[in-house]
Amino acid sequence: DSGVTQTPKHLITATGQRVTLRCSPRSGDLSVYWYQQSLDQGLQFLIQYYNGEERAKGNILERFSAQQFPDLHSELNLSSLELGDSALYFCASSVFISGEDTDTQYFGPGTRLTVL
Amino acid sequence: AQKITQTQPGMFVQEKEAVTLDCTYDTSDPSYGLFWYKQPSSGEMIFLIYQGSYDQQNATEGRYSLNFQKARKSANLVISASQLGDSAMYFCAMREGNTGGFKTIFGAGTRLFVKA
Numbered sequence: 478d479s480g481v482t483q484t485p486k487h488l489i490t491a492t493g494q495r496v497t498l499r500c501s502p503r504s505g506d507l508s509v510y511w512y513q514q515s516l517d518q519g520l521q522f523l524i525q526y527y528n529g530e531e532r533a534k535g536n537i538l539e540r541f542s543a544q545q546f547p548d549l550h551s552e553l554n555l556s557s558l559e560l561g562d563s564a565l566y567f568c569a570s571s572v573f574i575s576g577e578d579t580d581t582q583y584f585g586p587g588t589r590l591t592v593l
Numbered sequence: 022a023q024k025i026t027q028t029q030p031g032m033f034v035q036e037k038e039a040v041t042l043d044c045t046y047d048t049s050d051p052s053y054g055l056f057w058y059k060q061p062s063s064g065e066m067i068f069l070i071y072q073g074s075y076d077q078q079n080a081t082e083g084r085y086s087l088n089f090q091k092a093r094k095s096a097n098l099v100i101s102a103s104q105l106g107d108s109a110m111y112f113c114a115m116r117e118g119n120t121g122g123f124k125t126i127f128g129a130g131t132r133l134f135v136k137a
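Top to bottom, those sequences are chains A and V. All residue numbers in the first sequence are consecutive under the working numbering, ending with 593. All residue numbers in the second sequence are consecutive under the working numbering, ending with 137.
One or more hints might be untrue.
Said to hold, decoys possible - Computed from the model, here is a short list of chain A residues facing chain V with C-beta under 10 Å:
1. Tyr512
2. Gln514
3. Gln582
In case anyone wonders, no lab produced these hints; they're calculated from the structure. C-beta: ideal position from N, C-alpha, C; glycine also.
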């Protein structure tokens, strides 16, 4: 158990809908990362938050947005869902000490999203 | 341009033997981190080992070691004394960025099968 929690574990929804995925980082970790893992695209970095602020952005669609709250949990919002959004969505967390190169990300169990 | 290359889609190894999983990377950033993660069939991502770009010695963690050849831009994972439980997907990843934020890029993965 990495200490990172994600809810829900599974989510089934229809095209055009909006969903919210939730992540709680490990105790003491200030940074949260979101990833999408699909069969055709592999594991793709979406976005990083540190202590409530966006710090790095990857291949995140405009239909997707994220935020990190004062209690450090994070939510990933996916809207206008398409069939191609079906994937495993991971959240990871790390301490992210400024200048610390050994910062390691620990992954949650993931949320499997199925868009029908 | 692909920045992390894992050329072995699948590998077989006999139980108790050692196996090397290949990973090459490409970056112009002088400071970066290299990671290996294991993903069993259950889906979770398990951190295995980390190598910093400035580390002089190869990283080791139990049965895992990372053969880091900076000039060749390779970061191969060596698993010694393979066990049946090592059967999984293995991902090489590179973290780029500065203290502002980190982007982590994953390779396509290598599926390892350990034979009894």
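Here is how each hint holds up against the structure:
For Tyr512 (chain A), the interface hint holds, the least distance from its beta-carbon to any beta-carbon of chain V being 8 Å, beneath 10 Å. At about 9 Å, the closest approach between the beta carbon of Gln514 (chain A) and any beta carbon in chain V falls short of 10 Å, and the interface hint on this residue holds. A hinted interface residue such as Gln582 (chain A) counts as satisfied when its beta carbon comes closer than 10 Å to some beta carbon of chain V; here the least separation is about 7 Å, so the hint holds.
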